[in-house]
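K.L.:
Assemble the whole structure, with the sequences as input and the hints as a guide.
Under the UniProt record's numbering, the sequence shown is numbered contiguously, ending at residue 210.
Hints were generated in silico from the structure; no laboratory data involved.
The hints are all genuine.
Computed Cβ-Cβ distance ranges for the label pairs, DEER-style:
no.	residue 1	residue 2	range
1	Gln-187	Glu-153	30 to 36 Å
2	Ala-209	Glu-166	28 to 34 Å
3	Gly-87	Lys-151	20 to 26 Å
4	Lys-152	Ala-73	31 to 37 Å
We put the CB at the ideal spot given by N, CA and C, even for glycine.
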Amino acid sequence: MIALGPSANLPPHIWLEPALSLRFSLTRNALILIGLTAGLAACDREATNPAQEQGELGAEKSSLVGEIDRSRAGELLPAVNVTGPDGETLNLGAAQGQPILLNLWATWCAPCVVEMPMLDDLAGDLDGQVRLVTVSQDFQGAEKVVPFFKKKEFQNLEPWMDPQNELGFSVGSEIMPVTVLYNASGQEVWRVVGEYDWSSAEAREAILAE
Numbered sequence: 001m002i003a004l005g006p007s008a009n010l011p012p013h014i015w016l017e018p019a020l021s022l023r024f025s026l027t028r029n030a031l032i033l034i035g036l037t038a039g040l041a042a043c044d045r046e047a048t049n050p051a052q053e054q055g056e057l058g059a060e061k062s063s064l065v066g067e068i069d070r071s072r073a074g075e076l077l078p079a080v081n082v083t084g085p086d087g088e089t090l091n092l093g094a095a096q097g098q099p100i101l102l103n104l105w106a107t108w109c110a111p112c113v114v115e116m117p118m119l120d121d122l123a124g125d126l127d128g129q130v131r132l133v134t135v136s137q138d139f140q141g142a143e144k145v146v147p148f149f150k151k152k153e154f155q156n157l158e159p160w161m162d163p164q165n166e167l168g169f170s171v172g173s174e175i176m177p178v179t180v181l182y183n184a185s186g187q188e189v190w191r192v193v194g195e196y197d198w199s200s201a202e203a204r205e206a207i208l209a210e
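P.N.:
Given below as structure tokens:
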């Protein structure tokens, strides 16, 4: 064992270690805090840990921070098949003729869960003008989605599912919720990544203005 002498006699790498250790500790804590804060408004689709699966229990209409983004306007609605609980399929690429508001969500994503009742009301309000399609990205598919819909008693939404996440990758977003408005020709108009207040007058105006 080597005894350490006065700090003035220590090699540089030794007397720097406490300061570096403190700095790394503070940086790590800051990153954790940033990650937790970001999780209030959106979810990484790859983060399917048990804590996120409890998102439904703690979801509150608190930080609706998503913004309308038109940077990908003109991209086509992916021709992806999504499935219903009874095995029925919907080809989104063929579902044209009227505007479509597409929402990708998951039962374990707290911000997604916050949005769902608002989207259900919105679907009723827009009936005949814009088709609202919510597509679950839950890997367990109907096992998770059907009980969720039954519990929430949605009146206007349909439980479409994409357990392989094919649609999510085609849309080009690793974050949920993501909501994309397509015009009647199947071209993207705008998208919102993260939580949004779909009950607001601004939301309806943005949808119907297109």
